[in-house]
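Given the coordinates of chain U, work out where chain W should sit on it, guided by the hints.
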Amino acid sequence: MKEINVVKRDGTKEPFDANKINTAILKACEGLPDQISKVVQVATELQLTLFDGITTEQLDEAVIQTVLQNVKDDPDYDKIAARLLLKTVYKQILGDYETAEELKKLHAREFPKFVKAAVKEGLLDKRMADGRFDLKKLAAELDPARDDLSKYLGVVTNKNRYALRKQNGSPIETPQFTHMRIAMGLSYNESDPTTAAIEFYNHMSNLEYVPGGSTRVNAGGSFPQLSNCFLLNVDDDMESIAKAVRDTMWIAKGTGGIGIGFTKLRAAGSPVKTTNTESTGPIPFMKMIDTALFAVSRKGKKAGAAAIYMENWHLNFDQFVDLRQNSGDPYLRTRFANTAVFISDEFMKRVEKDQDWYLFDPAETPDLTELYGEEFSARYKEYIKIAEAGKLRTFDKVPARQQFKRILTSLQATSHPWLTWKDTINVRALNNNTGTIHLSNLCTEITLPQDKNNIATCNLVSINLSAFLGEDKTWDWDRLKEAARAAVRQLDNLCDITQTPIPEAMHSNQQTRAIGLGIMGLSDVLEKLGYCYESKEAYDLVDQLTEFISYHAIDQSADLAKELGSYPTFVGSGWSKGILPIDTVDKLSKDRGVKVKIDQKTRLDWDGLRKKVKKGMRNATLMAIAPTANIGHVAGTTPGIDPQFAQIFSRSTLNGKFLEVNHNLVRDLKKLGLWDNLKDEIFAAQGDIQDIDGIPQNIKDVYKTSFQLSPYAFIEVAARAQKWVDQAISRNMYLETRDIDEYVKIYSEAWKRGLKTTYYLHVKPRHQSEQTTVSVDKIAEQKVRTNSKVRGFGFAKINK
Amino acid sequence: MGILGSGLRDGLSLHPIRYPWAYDLYNQAVANTWFPNEVQLVQDLADFEKLSDDEKHALKTVISYLNPNELLINKSLAFGIYPYVNAAEAQLYLSKQMWEEANHFMTFEYIIETFPFDREEIYAAGFGKKSLADKADFQNKHLDVMLDPNLDIYSLEGKKDFVRSLVAYNIVLEGIWFYSGFMVGMSFRQRNLLRNVGSLLDWITRDENLHLTFGINLLLTILDENPELQTQEFAEEIRGLILQAVELEKAYNKDMLPKGILGLNADYVNQYVMHMTDRRLQELGFEPEYNVPNPAKWMAAANDTLELVNFFESTNTSYEVNTTK
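Taken in order, these protein sequences are the chains called U and W. For the first sequence, position 359 matches number 361 in the working numbering, and the numbering has no gaps at all. For the second sequence, position 155 matches number 1530 in the working numbering, and the numbering has no gaps at all.
FYI, nobody ran anything at the bench for these hints, they're computed from the structure. Do not rely on the hints blindly, as some may be mistaken.
[What the hints assert, rightly or not] In the DSSO-like style, the derived pairs of lysine-lysine whose C-alpha atoms are separated by at most 30 Å in a straight line are:
1. K10(U) x K1629(W)
2. K22(U) x K1634(W)
3. K289(U) x K454(U)
4. K799(U) x K1625(W)
5. K15(U) x K1634(W)
6. K1431(W) x K10(U)
7. K1431(W) x K15(U)
8. K1634(W) x K10(U)
9. K15(U) x K1425(W)
Bound-form chain U, shown alone (with noise of 0.2 Å):
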């Protein structure tokens, strides 16, 4: 072989040392079966890959992803990655060390000089060394051992979109460092902050839960700005539409998720009175808010993102289902902005019933946007009679069958407008006594209200659920119950310290102290446990987990307002009543005059908490089911209440493309002696292991694609969530179907078993590109479609 030198990092060069690098891989292979052969696997695939010049940041770069590339076989290799990867990141940011306990004592040594120095240069927070915190204290409780329990895309997310950097760009921070950087940054209050930061710290460190985004890359810093979600909601004059524009570009430079209402605008030929013209309608605007987030996005650790709200009643809202094509007018379309439609109770009646739906200039019916439920048929009804009686400007009308399908074709081909239902959220709403909720947010589980004064806001935790069931199949309960209380004490900490330049925004966090509590690892439990997502064993479980939850949440935050009062705006919400989430589905089945579908069992003590929330509330809105697509990966876990996309995937982010494969299916598949021989035929069939031989149906049932599952387990669990969360969820949803019928029938459902929200559809693709990595005549075989007696050349004899 061709001799090959490598470059130090001083510039000087050396023989490639393959011994180095096989040390290395060895250590990093610590407790794994089947050492030796993983590191011969290793060595013989990276020497493909060299060559002569390479530099040393190359090549730990080249033998990651050669190990990387091993993860379709074997998951151990994902393990082998993150721990080299983490071992770079040490070196980099700490130095040489060769134990564990020599890193654990570099991390106590290091730590209190990180942050000084950080506050020094202006990237950290002059709280966090102004002597509240004992940093010594906090720097031994370090523990760099739990970095393992991150996969590889956890400790790669983590390093390339959380931890903290210098001016220049260059790291500083290991995953502990990051974890108690953002303990410590939500402690500033507390009567004893170093001790509630080790606290947070050892429940986010032990990954029992995880911050939203905007915490995780803010809290700590120069800049607090923490909040994840914002929601406001545009009036129909310039100057609110160029305030929503300035907004979304402050909000997004911050890293937060915005929703955008725009239902108020007039329609376009809707005469304005200043210039004695016509308005262009809401969608030109749309279009400004989707530049604005373009020019904000570029760079930063998350990219900008909105959704665009209209409810479906607006004469316009024909175009703004097409906002999303990939064809058509660029000034008509949204390439970045998202879209979601406020659906009326009345709306989906009247698709029922196969009536015509009426469409408005909401300049001639400005109180629409603030009615909600019963109040909106009736005042809608008597707009319809105004209408047919020539009495309107202008309307349209359409039968409401044909819009909801409308809606749903351009849903399958372009994902959106994504589906929510305005009086379902309004009804069960706890905390609209200040006003109507016009819209949810990015993720759509978000439900607050807003006005002219108030551009709601609010801040989220996941439980990782995974991190509470142990290894004996049994909930460690007592730890999840501290985990819920610790994660609410944390976020209404968080409620006082963040920061944001858009004033309506801070008055909206200061009044409501709105917070959301979520859960991430739902299918990762349920495969633990031998559940498949769709079974009474998975509703009952996540009925059970999320009324919990909810409980200990409430409890808290009733006990939060003992100690600290209640929100401003306490008087005249639901909980002032004595009103739980649970008692909504009720109420918003007398306000349809349908039943809602949905089990109201309950298991723990509501009765006494009914009375206990009626004294006081810390916070207007407790829970949310954030989609956890980011932090998820930090967790390790599978994302909220998501179902196993399948059983080998991609997944494509920000930090690339990276492999799949569902770590339980091999851990079962190990155990009976199956994984090695099926692996490949796994492959090859898409991480879809329903067809192959040999693998025992109980598993089977188990481990089946999103798109084998059946659309009503998403609508099922989602309903079981959704009785305890008051706020809402992030539902994604993943067809098989294209029948259009088939969607109406899957929406419908969703709406009449109470769902508030539904979130991305993904539709399951016809075709695929061929897969170039499995054996050959699998592929041949389908390849040609023709007919079976179709031999092509293979009639001849090659003599080679």
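Same frame as chain U, but now just chain W:
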């Protein structure tokens, strides 16, 4: 009446559909419609600045090769394939394919316009090196035959010329030569560079995949319908043609990666080319020649699995545009 023929009035009626595979492919191709400007390349610009000279060279070589060749394929289709294919469903597919080649060409234009490339340099590079000129000669030789006005598609020689031309453009150019370029392009994404160019390449490979499926089915159908083509001698000639193309590709890879870049060197890409060639041979019914595994196991994630997109961060390239009403 077989799938080959040149009657102007033949093949104008879709039903009854004689070749359902062609009709299926047409429908899938329509569903796969996409446009390059759905992907924003701005983030990739910063990545480009980070690339080493060798990496930039490799990227430019790939683009400068793929760009003109997308249009060359259209010439092959227009002069060499389309006039002799008789079934309406097959003509529909070919028409959609030609639009796709145009769309791919415009995609590379989009990349060339966006990146700080010297346009003249890129175009010159496409034909400058001997290894590139040799590849072009190979293609032109087989296309020239099809331009002969005396070609009789009903004769044995005419049919053989058609098959040779189909193999040269479809199996070799689209099925082997393009893939090494795609692989080099996607290898950057593996290191989290040029992700958006990677998304465009995802779309292009998705299309190319159908082109190849169509071409292989067409070839197998022709062999089936014309037993006189099934001779040992002709089989050996076709196989030889494909193997010759591999040698041309190896010389080209050497020019693309004179020194090697992170994760890739010419030997590595050559092995990939040989692996892909074995697949093509097997798809045509031949025994494989090289029996080497795909060295780029990472393509498992890049290309082989269903993709779950974080749609805030990455373009969803797996959607399809038509819906069942």
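Evaluated hints:
no., hint, verdict
1, K10(U) x K1629(W), "holds (26 Å)"
2, K22(U) x K1634(W), "holds (24 Å)"
3, K289(U) x K454(U), "holds (22 Å)"
4, K799(U) x K1625(W), "holds (26 Å)"
5, K15(U) x K1634(W), "holds (17 Å)"
6, K1431(W) x K10(U), "holds (22 Å)"
7, K1431(W) x K15(U), "holds (24 Å)"
8, K1634(W) x K10(U), "holds (18 Å)"
9, K15(U) x K1425(W), "holds (22 Å)"
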